[in-house]
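Letter by letter, the chains look like this.
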Amino acid sequence: MNLTLLLIIPLLTAVGVLFCRNAQQVRWLSLAGAAVQFILVMALLFAFYAARSNGNTDAFLFSERCMWFAPLNIQFITGADGISVSMLLLTAAVVLAGVLVSWKEETMAKEFFFLLHLLAFGAYGFFISLDVFTLFFFLEIAVIPKYLLIGIWGSGRKEYSANKLALMLMGGSALVLIGMLGMYYQSGANTFDLIRLSEVHIPYATQLQFFPLLFLGFGVFTAIFPFHTWVPDGHSAAPTAGSMFLAGISMKLGGYGCLRVATYLMPDAAAYYAPYIIGLATIAIIYGAFATLMQTDLKYINAYSSVSHCGFVLLGIGMLNQTAITGAVMQMVSHGLMTALFFAVIGMIYQRTHTRMVRQMGGLLKAMPFIMTVFFIAGLTSLGLPGFSGFVAEMTVLMGAWQNPKTMYRIATILACASIVVTAVYILRATGQVAMGPLKQHDEPLNDARWYEKLAAFILIAGIVAIGVAPFWLNDLITPGAKIIMQKIVSLSR
Amino acid sequence: MILLLIPLFPLFGFLINGWLNKSMPKGLVGWVASLSVLASFGISVYLFIQLLSGANEFQFTVFDWMAAGSFQVDFGFMVDRLTAIMLLVVTGVGFLIHVYSIGYMNDDEDYPRFMAYMNLFVFFMLLLVLGDNFIMMFAGWEGVGLCSYLLIGFWFKNDNYNEAANKAFIMNRIGDLGFLLGLFLIYQTFGSFNFKEVMGMASTYPRYDSTITAITLLLFVGAMGKSAQIPLYTWLPDAMAGPTPVSALIHAATMVTAGVYMVVRSNVLYALAPFSSEFVAVIGLATALFAATIGLKQNDIKKVLAYSTVSQLGYMFVAAGVGAYSTAIFHLVTHAFFKALLFLCSGSVIHAMYGEQDIRNMGGLKKYLPITHLTFLIGTLAISGVPVFAGFFSKDEILAMTYSHSFLMFTLLAFGSVITAVYMFRLYWLTFYGEFRGTKHQLEHLHESPKVMTVPLMVLAVLSAVGGFIGLPEIFHAPHFLYNFLEPVAAGAGHHVSHTFEYVLIFTSIVVLAIIIYSTRNYYVVKGTLPESDAEEKGIARILSRKYFVDELYAMLFRKPLDVISGLGYRFVELGIITKTVDGIQEGINTAANGLRYLQTGRAGSYLFIMVIGFLALMIYAIIL
Chain L
10 MNLTLLLIIP LLTAVGVLFC RNAQQVRWLS LAGAAVQFIL VMALLFAFYA
60 ARSNGNTDAF LFSERCMWFA PLNIQFITGA DGISVSMLLL TAAVVLAGVL
110 VSWKEETMAK EFFFLLHLLA FGAYGFFISL DVFTLFFFLE IAVIPKYLLI
160 GIWGSGRKEY SANKLALMLM GGSALVLIGM LGMYYQSGAN TFDLIRLSEV
210 HIPYATQLQF FPLLFLGFGV FTAIFPFHTW VPDGHSAAPT AGSMFLAGIS
260 MKLGGYGCLR VATYLMPDAA AYYAPYIIGL ATIAIIYGAF ATLMQTDLKY
310 INAYSSVSHC GFVLLGIGML NQTAITGAVM QMVSHGLMTA LFFAVIGMIY
360 QRTHTRMVRQ MGGLLKAMPF IMTVFFIAGL TSLGLPGFSG FVAEMTVLMG
410 AWQNPKTMYR IATILACASI VVTAVYILRA TGQVAMGPLK QHDEPLNDAR
460 WYEKLAAFIL IAGIVAIGVA PFWLNDLITP GAKIIMQKIV SLSR
Chain W
432 MILLLIPLFP LFGFLINGWL NKSMPKGLVG WVASLSVLAS FGISVYLFIQ
482 LLSGANEFQF TVFDWMAAGS FQVDFGFMVD RLTAIMLLVV TGVGFLIHVY
532 SIGYMNDDED YPRFMAYMNL FVFFMLLLVL GDNFIMMFAG WEGVGLCSYL
582 LIGFWFKNDN YNEAANKAFI MNRIGDLGFL LGLFLIYQTF GSFNFKEVMG
632 MASTYPRYDS TITAITLLLF VGAMGKSAQI PLYTWLPDAM AGPTPVSALI
682 HAATMVTAGV YMVVRSNVLY ALAPFSSEFV AVIGLATALF AATIGLKQND
732 IKKVLAYSTV SQLGYMFVAA GVGAYSTAIF HLVTHAFFKA LLFLCSGSVI
782 HAMYGEQDIR NMGGLKKYLP ITHLTFLIGT LAISGVPVFA GFFSKDEILA
832 MTYSHSFLMF TLLAFGSVIT AVYMFRLYWL TFYGEFRGTK HQLEHLHESP
882 KVMTVPLMVL AVLSAVGGFI GLPEIFHAPH FLYNFLEPVA AGAGHHVSHT
932 FEYVLIFTSI VVLAIIIYST RNYYVVKGTL PESDAEEKGI ARILSRKYFV
982 DELYAMLFRK PLDVISGLGY RFVELGIITK TVDGIQEGIN TAANGLRYLQ
1032 TGRAGSYLFI MVIGFLALMI YAIIL
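Heads up: the protein sequence lines correspond to chains L and W, in order. Per my numbering, the first sequence runs over residues 10 to 503. Per my numbering, the second sequence runs over residues 432 to 1056.
Possibly wrong hints are sitting among the right ones.
[Unchecked claim] Under 8 angstroms between C-beta atoms, here's a sample of chain L residues computed to sit facing chain W:
(1) Leu-394
(2) Val-401
(3) Val-434
[Unchecked claim] Take a look, some chain W residues computed to stay more than 12 angstroms from chain L by CB distance:
(4) Gly-485
(5) Phe-502
(6) Leu-519
(7) Pro-637
(8) Leu-648
(9) Val-713
(10) Gly-786
(11) Lys-797
(12) Thr-1012
[What the hints assert, rightly or not] Each pair of labels, with its calculated beta carbon distance range:
(13) L/Leu-14 <-> W/Gly-1007: 47 to 55 angstroms
(14) L/Met-417 <-> W/Leu-1049: 53 to 61 angstroms
(15) L/Val-499 <-> W/Gly-1045: 52 to 60 angstroms
(16) W/Phe-706 <-> L/Val-478: 35 to 43 angstroms
(17) L/Asp-457 <-> W/Val-819: 53 to 61 angstroms
(18) W/Phe-706 <-> L/Thr-416: 19 to 27 angstroms
(19) L/Ile-204 <-> W/Gly-1007: 42 to 50 angstroms
(20) W/Gly-1033 <-> L/Lys-449: 34 to 42 angstroms
(21) W/Phe-989 <-> L/Lys-449: 26 to 34 angstroms
(22) L/Thr-416 <-> W/Lys-1011: 33 to 41 angstroms
(23) L/Asp-485 <-> W/Asp-731: 50 to 58 angstroms
Don't read these hints as lab results, they were simulated from the structure. The beta carbon of each residue, even a glycine, is placed where N, CA and C say it ideally should be.
Just chain L, with the same shape it has in the complex (with noise of 0.2 angstroms):
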């Protein structure tokens, strides 16, 4: 399996839509390369599963390398492990389903979908790299398509938003930035090369100063507290694909870069600095929680409620035990599911009714049940039924966080775990004024969805569900990447 065809399909994608004649052939043709890139994720997947059932115990699979520029030791390094896999999953489902919601783009279509398969072909490109330095580089291209997206296609504030959204990932990245440039000094190895940097021991005082660049820095993408403010904004003045995008796959690339990076790389200074990314983590998860009551727009409530859902990926970073490493992953890939299906119902429902205000909706359950149906399901799994993936993820996260018994973790993880009642309570709350109660008046008859509406909707549905009926072909995945993270923590520690 070479990855390399994850960067390509994409491009290539992403190209030709560029020569396409019409809109119908842009969609098509943009379907097309979706489904291509699903299936061959899927193919990577099985691979995968083969390759290690073949007792292959490389910690990554399918590396590949070649130097890039040679002065500076920079290489393109590809290779993937379970987490990465998961994360290409995600990527590749949320992309499909984003194609799909977008079909009626119309308005500079063109444009459009190229720059969708950009961010994507930015996605893929960040989850395979195994070098720090084209890792950055596939960050930032999964950052400018998105100021272009909001700026261009968006509603609302949209260039206020796009200003604040390139401005804070910019920060970010700045931030990580400085943080790769130590690490490359001050290791002594004077490589960008990940697996080549896991191997030698940069020193305590280098950790120290460059791991909280590292984290803040990926940790913006991953709405860390107090830099999660452009998330609301961005995700509400985004288009449909914009925010789902955003929610599903741009938040992951945080996460894990907070993993893959931060963590893995300098696992002395994440022990140290763990009591402040949990107490972090812990204010998103309350914080955003009770910020999403607030709001009576339907991007807002999913927007607040993600930075909430988000600070679960990084208690189980902070935990750093096995158990909740492995739950932030699979919060990583629950969440992105969810959060792109919620966005995604929320652009049928805007399409259809012209606005996001919950109070200006209400019984729209009688007139689109398929919508409200999916609505609801979003909504459960977001609150954490038993049955959906966020009760498996977020279940998992804090059994992990309780393995761990000092005080001021347990306190964390009670508060956490108390955000479950908040999380009812806007859940319901949205949910029933959108879905029940007598429907208003609107100007156009109410449709319910379109057929490719439905396919986007199955498929994130499908792996929602799967998560969290059976979540042990995930655990699989997870669990030996986790493993090899884990032991850096203990044998460093030691």
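Let chain L serve as the given structure and place chain W on it in line with the hints.
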């Protein structure tokens, strides 16, 4: 393997009805739903017989559900004797209520959706009782909560109903938080969630162990939510907004007893924690009395039954709290019979009265609804504890068990059963005797319900009449079937009470009940006294009919502060501090860029000027140094 089929049948029922929805032929919908539950009932009976003939238990692990690091949970099912009893109640009573629903909900436009939800509920309830570990139980626990939410808000066009549904879910969530923390503590202590492993390891712990006390208290917080005990009970009466079969199935017979099941399931733990057990008993007692007094002054037929349910659940917890676990299950079973019956009868009444639920507008229905009347009477006799009816035996046993535990509790509990009889007979007389007080339109259309509804009533009536024989007291010189059956898993305190005491208890209750029946009849039928209208209520009556103003209190204590806190947090911290800072930085960059822009004017002259200045500056620098 066969265990897996039990929950799968209702799940398929749900999928079929939920998926096809209105494209299913209407006649088929009800059959699919009911038969799927009947199939589960069949398997349950089969397993029950196997257990009777000596099988120990059945176990089936489907797969490893969650496994991450040291955390591992199976997706496993187990049927032991306790589960078997629960299975029979859930599927048996469940089936009858499904059949009844065919008649009751047939005219509703969303009939298939209703049946689908009911099936889904049965599925989750079966998961709850079948699970072989705490996480499975919790999964079912949350699932039934969801179905309860969906069914309370079934008529979702009414905003008040949605409000009630939300309240139910959120109150349960508060309980769940306690439950969840209890689960974490269990895993920390025992390293497992499996019932058998946990109970096995726990039995090596000493009594009064503080960790086990904490675990049991936290688990009980969950039970308070699900089984509507003080202080988390206020959702249950509001839950009556749902269609009546829902009230019968979920809010009387099955889901709300999940808390009792959980305590009995964990009886090894509770037995090790006397403090927790006492706490359970005290909460149960307080709830039993508190809810019963409220029931005295309610005028909505379903509300009376709802408070009665809360009160009866209190009785079960008293039994569990004093260590009489099989007694708690005994009352759970008989209560499922007679309370389901009473609710379904009230549904039949409401059906006949075109949705009227206020007993002040009923009266004299005996003539028009003979079967409903008769079955309701049997239910009333059973719940009031009239000898030979089901409730008599179970309630008697609870009283006897409490007597050997504490005399004060016994007295209060006995007083509670007096109140129970009073409010039940008040309800009975006002509904079925006296003059008809409804509208002319209602009178013209008064009719007995169709067979599909009355047959389940009759079956339940028979069960309410004879169901008590599964647990005869010692003085009858017959074996106590239930106690013996449950002994291997959850027997708890033996049922030996002095025979004299038994006789006194039976005799006294007969006399007291006779007095109550006579005096309530005299008051409501002969004198024809009617409850005053809401505006006329004064003093204690007003406090009771307004439910001690607990709802208002909770709104003030929790709801308002929650909104205020989140409002303050959002406005001051989020919008005031964080957003302002970020915007400030953004503006700062803009301002700086604006300032620096003047450096790039695009005019060659100014560049030249700056260049010269710079050149001079460098020269000066070089010369001076």
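Hints versus structure:
Of the supplied interface hints, the one on L/Leu-394 holds, with its beta-carbon coming within about 6 angstroms of a beta-carbon of chain W, less than 8 angstroms. Contact between L/Val-401 and chain W, as hinted, is supported at the beta carbon level, the nearest pair being about 6 angstroms apart and thus within 8 angstroms. The interface hint given for L/Val-434 holds, since its Cβ lies 6 angstroms from the closest Cβ of chain W, which is under the 8 angstroms cut-off. With a cut of 12 angstroms on Cβ distances, W/Gly-485 stays outside the contact zone with chain L, its closest approach being about 35 angstroms.
Against chain L, the non-interface label of W/Phe-502 is violated: not every CB pair exceeds 12 angstroms, the least being about 4 angstroms. Against chain L, the non-interface label of W/Leu-519 holds: every CB pair exceeds 12 angstroms, the least being about 25 angstroms. Against chain L, the non-interface label of W/Pro-637 holds: every CB pair exceeds 12 angstroms, the least being about 22 angstroms. The beta carbon of W/Leu-648 is kept farther than 12 angstroms from every beta carbon of chain L, the shortest such distance being approximately 15 angstroms.
Every Cβ of chain L is farther than 12 angstroms from the Cβ of W/Val-713; the closest lies at roughly 25 angstroms, confirming the non-interface assignment. The beta carbon of W/Gly-786 sits about 18 angstroms from the closest Cβ of chain L, which is more than 12 angstroms, so the claim that it is off the interface holds. The non-interface label for W/Lys-797 is consistent with chain L: the shortest C-beta to C-beta separation is roughly 38 angstroms, beyond 12 angstroms. Distance check for W/Thr-1012 against chain L: the nearest CB is about 8 angstroms away, which does not clear 12 angstroms, and the non-interface claim fails.
Range check, L/Leu-14 to W/Gly-1007: Cβ separation about 49 angstroms, and the 47 to 55 angstroms hint holds. Between L/Met-417 and W/Leu-1049 the C-beta distance comes to about 58 angstroms, which sits within the given range of 53 to 61 angstroms. Evaluation of the 52 to 60 angstroms hint for L/Val-499 and W/Gly-1045 yields a pass: the beta carbon distance comes to about 58 angstroms. For W/Phe-706 and L/Val-478, the hinted distance range of 35 to 43 angstroms is satisfied, since their beta carbons lie about 39 angstroms from each other.
A hinted range of 53 to 61 angstroms holds for the C-beta pair L/Asp-457 and W/Val-819, which are about 57 angstroms apart. For the pair W/Phe-706 and L/Thr-416, the supplied restraint of 19 to 27 angstroms holds, since their beta-carbon distance comes to about 23 angstroms. Checked against the given bound of 42 to 50 angstroms, the beta carbons of L/Ile-204 and W/Gly-1007, roughly 46 angstroms apart, stay inside it. A C-beta distance of roughly 55 angstroms is found between W/Gly-1033 and L/Lys-449, which places it outside the suggested range of 34 to 42 angstroms.
Here the CB-CB span from W/Phe-989 to L/Lys-449 is close to 30 angstroms, well matched to the stated 26 to 34 angstroms. For L/Thr-416 and W/Lys-1011, the Cβ-Cβ distance of about 35 angstroms falls inside the hinted range of 33 to 41 angstroms, so the restraint holds. At about 54 angstroms, the beta-carbon gap between L/Asp-485 and W/Asp-731 stays in the expected band of 50 to 58 angstroms.
Hints 5, 12, 20, counting from the list given before, are not met by this structure.
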